[in-house]
Amino acid sequence: MFNMSGMKAILHDMTQQERVAWVTVAITSLVAVYYCMNVPISLTPDDLYSRSMRQVVSICLALAIGMEILSHFLSRSNGDKTEEDERDIQIREKATTVAHNSMIGFAVLLIVQIVFLQGITRASWGAGLDLSLLGELGVANLLLRILILTSIIQHLAIIIYYRRGV
Amino acid sequence: MSSVSGLKITNQVKRLRFLNGELTQAQLADKIGVTRQTIHAIETGKYQPSLEVAFKLSNAFGVTIEDVFEVTGETV
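Going down the list, the sequences are from chains A and B. Residue numbers for the first sequence follow the working numbering, so the first one is 1 and each next one is one higher. Residue numbers for the second sequence follow the working numbering, so the first one is 1 and each next one is one higher.
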């Protein structure tokens, strides 16, 4: 059975930043799974204006708005005089560094994938990287997935730093 | 307890809180301008505060910084 007082105690022991991080990880993961299941990597411009794409975008937007509203309520002060201190700032900075490094890593992987595909298909190297090898909107789609994944990693890092120490 | 390359830093914050009129974590946090969760993290060794917060802690207890934090292990 759902223990409301236990839940309140857990929330009371978390900083505002940690509470928001939990909500962000949960909802962004939901958005990521839903997006990856419903949007193929090799998108075409026609797909963008399809009925199913409108539905995907609407649900993702609704989840994002829901996340903002929930974060707003969870980040309200629980009576403490100090809402943020040096530890919170330090954790945020470290998590941001982790996210930046992850994003760079994923971007390099994306470039390696394109180079690999270009090598396999023996496409011309005259114009540099041939981004259309991943589909017309493939690169944009993959960059969006990288951004979503990076956001999850950043907030997961925040949670881990709070739980395990800086 | 924190350990960086053989250096272990422990603290007496919890003990000093009780010796100073059983201060709660929230009261101590308000006194030195940090969050209650940070006091908890310091007590459990999950966080080593900055020098500024360390001095504020020792001032709040009216003791020296060495009375609050102890360094054991290899020292330079």
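Mixed in with the good hints there might be a few duds.
Residues on chain A that point at chain B, a partial pick, calculated with CB under 8 Å [said to hold, decoys possible]:
hint	residue
1	47
2	81
3	93
Here are the simulated BS3-like cross-link-like pairs (lysine-lysine), alpha carbons at most 30 Å apart as the crow flies [unchecked claim]:
hint	chain 1	residue 1	chain 2	residue 2
4	A	94	B	8
5	A	8	B	8
6	A	81	A	8
7	B	31	A	81
8	B	56	B	14
9	A	8	B	46
Everything labelled a hint here was simulated from the structure, so no lab data went into it. Virtual Cβ for every residue (Gly too), placed ideally from N, Cα, C.
Now for the hints, and whether the structure bears them out:
The interface hint given for residue 47(A) is broken, as the beta carbon of that residue sits about 46 Å from the closest beta carbon of chain B, more than 8 Å. Interface restraint check: residue 81(A) against chain B, minimum CB-CB distance 4 Å, threshold 8 Å, status holds. At its closest, the beta carbon of residue 93(A) sits 13 Å from a beta carbon of chain B; the interface hint therefore is violated under the 8 Å criterion. Restraint check for residue 94(A) and residue 8(B): the C-alpha separation of about 22 Å stays at or below 30 Å, so the hint holds.
As the CA atoms of residue 8(A) and residue 8(B) are separated by approximately 35 Å, the hinted pair breaks the 30 Å bound. Of the supplied pair hints, the one linking residue 81(A) and residue 8(A) holds, its CA atoms being roughly 19 Å apart against a limit of 30 Å. At roughly 9 Å between alpha-carbon atoms, residue 31(B) and residue 81(A) fall within 30 Å of each other, so this suggested pair holds. About 15 Å separates the Cα atoms of residue 56(B) and residue 14(B), which keeps this hinted pair within 30 Å; it holds.
At roughly 23 Å between alpha-carbon atoms, residue 8(A) and residue 46(B) fall within 30 Å of each other, so this suggested pair holds.
The earlier numbered hints that this structure contradicts are 1, 3 and 5.
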